[in-house]
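J.: Next come the chains, spelled out residue by residue.
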Amino acid sequence: MSANNKKYLIFLGCAVPYRVSAYEISARKVLAKLGIELVEMPEFNCCGLPLDPVSHETMLILAARNLVLAEQKGLDIITLCPGCAGTLKKVNKILKEDKALREQINGHLKESGLEFKGTVTTKHILQVLKEDVGVDNIKKAVVRPLTMLKVAEHNGCHILRPKEYIGFDDPEDPQTLKTLIEATGATCLDYVDETECCGAPSVGVSDKIALQLARDKLSHVKQVDAQALITICPFCHIMYDTNELRIEKMFNEVYGIPVLHYPQLLGLALGMTPEELAFGELRVNTSNILKQVSEGAKQNEQ
Amino acid sequence: MTENAAPALKDDTREPVRASEIDPKFKYQLIKMHGSEKLLKCFQCGTCTSDCPVARYSDSYRPRTILRMASLGLKDRVLKSETLWLCAACFTCTDRCPQDVEVASVIRVLRNLAAEEGIFPQVFKDQCTSVLESGYAYKIPDLRIKKRDSLGLPPLPKGNPDSIKKSLKGVSFISKMTNKGETKDERKQ
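Each protein sequence line maps, in turn, to chains B and G. The numbering of the first sequence is the working numbering, which starts it at 10 and goes up by one. The numbering of the second sequence is the working numbering, which starts it at 289 and goes up by one.
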């Protein structure tokens, strides 16, 4: 499929605008450069996932509302948050397949004049980059290969699981993010327990367990001397970047691992500046890798 | 933030079982609910627990135990157990269960039932209130919204609280929560 003229409604969800604007800024710039047009949707609400633990029905209704709003616009949805993508995908599938449940949810939606029909699809940005833009087109668009960087990836859970509903990559051995990282020229390192949870959903219930899980990941990434950890989820990013200093203090360890949103890494390879890609919004110091990138680029020119 | 799961709701997963506390019909209620249909296929192999990232660091959270308590009919005990709320919903257990039990969804069903009885951590009440008021699960600070403009980002979607309230007015959890105002959760700091 051509990289051109694909248009999506952008679904921001709660966490991206709440705490991780660098992800949104870099994603918008990278997608525009690669020919993906984003359409704003003024009335989207929370995807529903945060309330699933207390009320599945509420989650279904909130997710269905978003799907209906997209149906009315006649456009598919792109999300930056895997939790939002997973929820909208799952609810779309369930409501299409389960007539009784669809009627029940439509009964609720009727109160606000809406009806679910099941005519749109949802993709996470990773899926859009892979399927709509294509790895080859990304490689062609790279003007500053990041061959000087060795990084590690963290997919997170909801981009992969549960497989039955997400059906995108192999949850036990995911390859998409690795392939997309390598398309920038950077090396993507393997490490222990790559697919382990970041712990974010336990924050607020047991912060201690959540931070233990994040610490495991940071120490595994450090073991292979990765220069940065690349994420594609706002919650995972908060766990590793926003909380890195807190984890270091709690366990009396030093990691100093910069955590980049994938579009920030890609943006560097596409020739954008760290300022354009909102590197200043990141908590962990990124000056070392940015220095290497600019020095590497100079060497390539010579 | 502190360790939020204070021991007001104690870990009852290890107490001896008394026949008097068994509700033999509970499992039949569960297998009719969306997500826990396959509960009775669980043969207690323990794949869920051994693959669970939370179980590694929790002294009490064991998905296998929770499923066994549920199928045995220890309704009150499982719904009041604080360990129920430790699941991180990573879905590793669901994907790896050799019996295709959607383990994480069974736990979600149990949480929903506990929440119907007013037993759930404060964090969910805050998020629910926020969704009803703003459409978002988190209250996005005004400063953030103003900052978007200076960062060159388009305005945030406004949600539509009136329409959301209409869509949710028939949901029993929402009406219970908004009518009562307070939950039975005693874990508030």
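Among the hints, erroneous ones may be present.
Pairs of lysine-lysine residues, derived as BS3-like cross-links and limited to a Cα-Cα distance of at most 30 Å, are as follows [said to hold, decoys possible]:
hint	chain 1	residue 1	chain 2	residue 2
1	B	K217	B	K82
2	B	K102	G	K435
3	G	K313	G	K368
4	G	K457	B	K108
5	B	K108	G	K435
6	G	K435	G	K446
7	B	K102	B	K126
8	G	K464	B	K119
No lab work stands behind these hints: they were computed from the structure.
J.: Decide, hint by hint, whether the structure agrees.
T.: Hints versus structure:
{"no.": "1", "hint": "B/K217 <-> B/K82", "verdict": "violated (43 Å)"}
{"no.": "2", "hint": "B/K102 <-> G/K435", "verdict": "violated (37 Å)"}
{"no.": "3", "hint": "G/K313 <-> G/K368", "verdict": "holds (18 Å)"}
{"no.": "4", "hint": "G/K457 <-> B/K108", "verdict": "holds (22 Å)"}
{"no.": "5", "hint": "B/K108 <-> G/K435", "verdict": "violated (44 Å)"}
{"no.": "6", "hint": "G/K435 <-> G/K446", "verdict": "holds (16 Å)"}
{"no.": "7", "hint": "B/K102 <-> B/K126", "verdict": "holds (11 Å)"}
{"no.": "8", "hint": "G/K464 <-> B/K119", "verdict": "holds (21 Å)"}
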